[in-house]
Amino acid sequence: MSETTTGAGPGSTATSGAPIRLENLTKAYPGSASPAVDNVSMEIKAGETVVFVGPSGCGKSTTLKMINRLIEPTSGRIRIGDEDVTDIDPVKLRRKIGYAIQSSGLFPHMTVAENIALVPKMAGWSKSRVKDRVEEMLDLVGLDPREFHGRYPRQLSGGQQQRVGVARALAADPPVLLMDEPFGAVDPITRDHLQDELIRLQHELHKTIVFVTHDFDEAIKLGDRIAVLRERSHIAQFDTPEAILTNPTDDFVSGFVGAGAALKRLNLTRVRDVGIADFPTVTVDDPLQSIFNKLRNGPHNELLMLDRRNRPYKWLRRGDLMRARGSLARAGQLVHDTVTRDATLHDALEAVLTDSGGRVAVTGRRGEFIGVVDMVTLMNSVQELLEADRLTAIEHEHDLEELRAHRTGQELEGGGTTP
Amino acid sequence: MSPSHQAPGGRGVPGTRPPGEHDVGGQAFRDEEEYPSPVPAGPPRRITWRKLVPVPLALAAILALTYLWITGVHLDSIARNSLDDGNVRLRVWQHIRLTAVSTFWVLVIAIPLGIALTRRRLRRGAPVVTAVANVGQATPAIGLLALLVIWLGIGPSTAIIGMVIYAVLPVLSNTVAGLRSIDPTLVEAARGIGMSGVGVLAKVELPLAVPLILAGVRTALVLNVGTATLATFGGGGGLGDLITSGIQTQRMPVLVLGSVLTVVLALLVDWMASLVEVSLTPRGLEAP
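Here the protein sequences come in this chain order: D and P. Using numbering that gives the first Met the number 0, you'd call the opening residue of the first sequence number 0 and step up by one each time. Using numbering that gives the first Met the number 0, you'd call the opening residue of the second sequence number 0 and step up by one each time.
Careful: at least some of the hints might be erroneous.
Distance condition first, Cα-Cα at most 35 Å in a straight line; then the derived DSBU-like pairs of lysine-lysine [unchecked claim]:
1. D/LYS126 with P/LYS202
2. D/LYS130 with P/LYS202
3. P/LYS50 with D/LYS91
Source of the hints: derived by calculation from the structure; they are not laboratory data. The model shown is predicted, which means the values in this text are computed figures rather than measured ones.
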């Protein structure tokens, strides 16, 4: 299989994404009048995250499963990279495609390490290489290898299981990753964290990801491009999240986008894109006196105390120390929520609103403190966003008709929808 | 001051947590459910002394009591002949062999058949085969054996065939049920990550079905110990010989010894099967 193998950077040997082309893909089940998936053509670029979103039963999952041929297409071709994979051995094909599903699909009788090692082992990797890879993957998805290595799936929380599921899908370094509502079964807070994680992973790995969800907010957050699908997997609109939000092609899409498009816009901007401000910090090991002085002389009336691994630990205000009679252990307020640089403004706003201090700490890869984002910064960027959107909307108003005519023409020719 | 300093250890170097420190969800991707708990020192022992000791002790006590009783009563020559050490040993040995051989054939027939009946192509045949196996078990064992003797003649193999027909059902139906009870999304996940059909069966389906299959095997074993007493009517020997000759010659000690040995053997086999069941069940499937 000829996949596009480009080193993601010096010292990196990771396989980055390969383009996927679906050509007139159709799936008809015997005994049902209309096909489940009808004549879908689509081009997915290498290293791109494409999200299929649509109402349940619209065939998005079927379309996804045709890419790794868990469901054999009735007609049409699938190309990955330069190769037509429609007729190759499906087992071989699937070993080159990562696959992550809802509620993780981990095998309950295997440990976390055994689950992750499955695909590399099948690919014939040497024992030591598999072992190293397992540790690497656990580390990559943010689980301590020493702690989680030997656990069984039932000993993990839903979010942890899902992380292992993603690690297993990526273990053999496939160029393409298919994800079928992977975060559908976890609670909203964990889902947010997992989505941030996926974004971070994708920044590092540049895989081609095809992601299925029925949650439009998730689609906006994750997708480079979103394919809004209607029944029988017909593509209603295939475009960037910005374009779909500001300029839905028809009533079906705008209905799916739903109310509050302006608020959803918050999901498109990341914390890294707005100003992350410095904030005075102390660490738990600092002498009491210097903490005191910093609090008294600093520009803010607040300090952030970090733990020994530089992670945000407590907010300390003037007077907190006095009230706690000089005991650091009792003073201050524990940090409840933090965001990463990949978190959306939506998450950041949520965190700021729940924290009484009106600011949220931003953390890096290992949870280390980077800076803070406060209410004023967020409000300013929201206003800028809305202003920008208003301008684009006016611009788009003019060439909307033109665009539609162009689209229809393309569909009539039966070609793939290209942006 | 620069608040954006990097963690001193760099990635992958674990620091120890200062005492009393809370994990404040500060880890970039740790959600609050993930406060690490201490790594367990090792998996707990599965075969505890409670599972290991009482049953053999009780069985040994029963045997000892029976022995004491028999040595205490007066035995005439017929009884003494039947209770001769060599004869009893032979019957016990025959009984064990009958049970082992018939169970072997039950496994060889029922497990592959059960697997085959859950494959996509043969799935439709499952009700038919289960119905046939049901008939095998519903037929009274003694009647079945009599019919087989008429058909195949007298001999140990006839007895074994009868026992196999009788005991196939529990293993077959448990194998089918065990394989069917597996979450289909797991099978799809296994195929989705690139396992071949055989790989899915060997690495995912069978291990997950093991507890149910073993329960079926245990049932079959115990059934076979029981039905092996009927083998005597088919010329198969076994402890049934002691029982029937005890009844025919009206010698109580012979009858009692035959029955007690059968019961003890059945309980012993059940106990051993339970140990195998415990130790072969995949660890990940145990109740937390």
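Here is how each hint holds up against the structure:
1. Distance restraint check for D/LYS126 and P/LYS202: the Cα-Cα separation of roughly 18 Å lies within the 35 Å cut-off, and the hinted pair is therefore satisfied.
2. For the hint linking D/LYS130 to P/LYS202, the alpha-carbon distance of about 19 Å falls within 35 Å, and the restraint holds.
3. At most 35 Å may separate the alpha-carbon atoms for a hinted pair to count; P/LYS50 and D/LYS91 exceed this at roughly 46 Å.
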